[in-house]
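**Student:** If you read the sequences in order, they're chains E and D.
Position one of the first sequence corresponds to residue 1 (full-length UniProt numbering), numbered consecutively onward.
Position one of the second sequence corresponds to residue 1 (full-length UniProt numbering), numbered consecutively onward.
These are computed hints drawn from the structure, not numbers from a lab.
Listed next, the in silico DSBU-like pairs over lysine-lysine satisfying Cα-Cα at most 35 Å (straight line):
| id | chain 1 | residue 1 | chain 2 | residue 2 |
| --- | --- | --- | --- | --- |
| 1 | D | K257 | D | K107 |
| 2 | D | K107 | D | K151 |
| 3 | E | K321 | D | K143 |
| 4 | D | K137 | E | K322 |
| 5 | D | K173 | D | K151 |
| 6 | D | K91 | D | K104 |
| 7 | E | K322 | D | K151 |
| 8 | D | K169 | D | K224 |
| 9 | D | K169 | D | K13 |
| 10 | D | K169 | E | K321 |
| 11 | D | K95 | D | K152 |
| 12 | D | K224 | D | K13 |
| 13 | D | K151 | E | K321 |
| 14 | E | K322 | D | K173 |
| 15 | D | K151 | D | K104 |
| 16 | E | K322 | D | K152 |
| 17 | D | K152 | E | K321 |
| 18 | D | K224 | D | K151 |
| 19 | D | K152 | D | K107 |
| 20 | D | K169 | D | K151 |
| 21 | D | K95 | D | K151 |
| 22 | D | K104 | D | K137 |
| 23 | D | K19 | D | K104 |
| 24 | D | K95 | D | K224 |
| 25 | D | K107 | D | K19 |
| 26 | D | K143 | D | K95 |
| 27 | D | K107 | D | K173 |
| 28 | E | K322 | D | K169 |
| 29 | E | K322 | D | K143 |
| 30 | D | K137 | D | K224 |
| 31 | D | K224 | D | K19 |
| 32 | D | K104 | D | K169 |
| 33 | D | K173 | E | K321 |
| 34 | D | K137 | E | K321 |
| 35 | D | K91 | D | K257 |
| 36 | D | K91 | D | K107 |
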Amino acid sequence: MNWDIIFGVSLESLINGTMIAYALAAIGLNVHFGYTGLLNFGQSAFLGVAAYGLAMMVSTFGLPFWIGIAVGLLGAVVLALLLGIPTLRLRADYLAIVTIAAAEIVRLLFRSVSLSEWTGGSDGLQQFSDDFYAMNPYSGSLEFWSISFDERELWVMTVGWALVAIALTIVFLAMRSPWGRVIKAIREDEDAVRSLGKNVVSYKMQSLILGGVLGSLGGFIIALKNAAVQPDTYGTEFTFYMYTIVILGGAARVFGPVVGSMIFWFLLTFVNALLPTLISQGYIPTWLMDANQAGAVGYILVGLGLVLLLIFRPQGIFGDKKEVMLDGR
Amino acid sequence: MADDVTVPPGVAKARAALKDVPHEPGAPKQDPILVADSVVRRFGGLTAVSVDHIEIQRGAITALIGPNGAGKTTFFNLLTGFDRPDEGDWKFNGKPLAGVAAHKVAKQGMVRTFQLTKALSRLTVIDNMRLGGTGQKGESFWKALIPGIWKKQEQEITERADELLARFKLDAKREDFAGSLSGGQRKLLEMARALMVQPDMVMLDEPMAGVNPALTQSLLGHVKSLREDGMTVLFVEHDMDMVRDISDWVIVMGQGKVIAEGTPDTVMADPRVIDAYLGSHHDGTEHDAAEVAAEVPGADAPSSSSVDAAPSSAEGAKSEGGKTDE
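Only chain E is shown next, with the shape it has when bound in the complex (with noise of 0.2 Å):
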C-alpha cells in the first residue's frame, strides 16, 4: 500500500485549481442560496459563460487576455439580468427552473454544431492561456513529501487563492453591512422587507449579479487550468457539486464554501485514490468491483458520507444548529 501517493493527491486537492474553482463557484452560490435565499440552479452557466467569454475573445478572436476577462465578467453580469429581469418578480421556485433550463440552454449552444466556429462546438476551444502563463513569475515546481505542483499549478493556485480571498473580503464586508441585512431579510420574507420600504426586486437583482461575478471567477480558474473550455465541463451535475458544497460548509457562512469545497474534493480524491489501489493489491475482491468500477463507487461512497454528514449535522461544517432548526415563519 503506497500511503504516501494516496495521502499525496488527497493534500493536494486541499489546495489545489480545481478546489479553488469549485470554491469560488460555491462561494457565489452561498450569496444566491445561502444569504438571499434564491434558488439558482444554473451558477455552472455563470463559470461557463466566463470561460467561454474569455476563451471566444482570444482563441476565436484573437483580442488580448484581459478584453477577455472583461467579457467574461459582463457575460456573467448579462446572464444575472436575462435571468433575474423575468423571474425575481416571480415566487421563488420560477427562478429554480428558469435558471436550470437556462443553464442547459447555455452548455448546448457552447456545444452547438452551428456554432461551432467560434464556440469549437463539443470540443470546445484551447490556446488563450498563454498571455496568462506569460506572466508566470515560477520558474520550478514544488515538491515536498509527495507533495508536487508544477509552475504553471502554482501560478493559477496563486492567483485562485487571491481571488477567493478577495471574494471571501466583499462576501464578509457585505454581510455584515446593512445591505447584507436587507439580503438575509428578504430570504427570511420578502413581503415584511418591501412593507418597510426596501426595493426587494432591486436587491434580490443585485445578488443574483454579486453571485453570479463571484461564480464566474470560478470559471476562469477552471478554463486557464486547463488552458482548454469544453462545453461539458458546465453541466448540471456541476451546480449540485457547489450545492454539495454550500451546505456542507454551512450555508451563509462566509468561510462554509471554501472549508466544503475543501472537504468534498478530499474525500473525493481520497477514495477515489484509495478503492483502485485496494483492487490491486487484492484487499477487494474483483467479484465486489473491479478497477473500473472504483471511479463510480467513490462517487456513491462520498454521496453516502455527505447524506450522513447532513443528517447528523445539517447545519453544515459552521453553521448554528440552533439557526437551522428555526421554522422560517
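Chain E is fixed; fit chain D onto it per the hints.
**Tutor:** Quick look at chain D alone, frame taken from chain E:
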C-alpha cells in the same frame, strides 16, 4: 370608551374631528390623510373589492371590520401596493398612490403589518428593528463595503431601535433570533419594526389574531399610544371588544363594498351591519330597524337610510350582532 375618566389629548382630538361627520358610507372627513375613489379589484368573475369612496381621518384610529370574505385584507393589500387594482385612485397625504410599488408606499409613510405575522426568523430582534430604518446609506452595495460611511448612521438607528424595544418590552430579547419569540412577541416586534420606518399612517392587519389575552392589553395600549404620537391607524380586526375599546371610527365592509361607517356604538347597532354579518334572508321574517337597534345595548338611534334595509331576523340580531368570528 365613554367611561374613561381622563381623556388623553389624542383621543379628544380624534373625537372632536369626527364629531360632526355623518354616519354614512363614504362620509367626508375634516382632515383626511387617505382618500380613495372607486377602487375595484376583481378575481375572475368575483368582485372582491368595490369601494366607491372612503376617507380616513388623520390622527384617529379607524377600524375596518366586516365578515369573512368582505374584502378587508384585499383592500389593505391594494392600498399598500401589495396588490394592483383593476381600477381606482387614492391619495395619501395628497399624493396619488395608485399603482405605486409597495416599497415606495412604505417610503411615503404608510406602513403595514400582516395578518400572519412576518418576523424575520433567522435575524436577531435588533436586526429586525434596524432593518426598518429608512434612508440607510449602508443599504447601497458599494457604500456597504466601506463601514466608515454607514457606521455613524447605524449607531443612531440602533439607539432608536433600542428605545422602541424598551417601549415594547422586547429589550430582554434583543440578541435572540426573532424566530424564537412567541406569537404575541412577534406581533409586538412587527409593530415596533413598522415604527422604525417613522410612518404617518400604520395599517395593522388583525393585530390581535393569535395573541394570548394577557398580551392583548399591552398590544391595545401600544396601538392607542400611536394615536397619541400623532399617527393615524387603520386596522382590520374581528375582535369586537377591541374595536369598541380603541377605535374612534369604524368602517364596515361587506361583499367588497363599504356598507356603513360611524362611531363604534352606532355601527354595531346598524341593521345593515348586522345583516352583513348574519345574512339578510335567513328566515324571511320582516324586520324593523328601530326594534333591532333598541335591542342592541348602547345603540344610538338608527340612521335614516336603515329604513330601506333588507328584511332580517330579529332573532339573529339578538345574538350579538358583531361577534361572528370564524
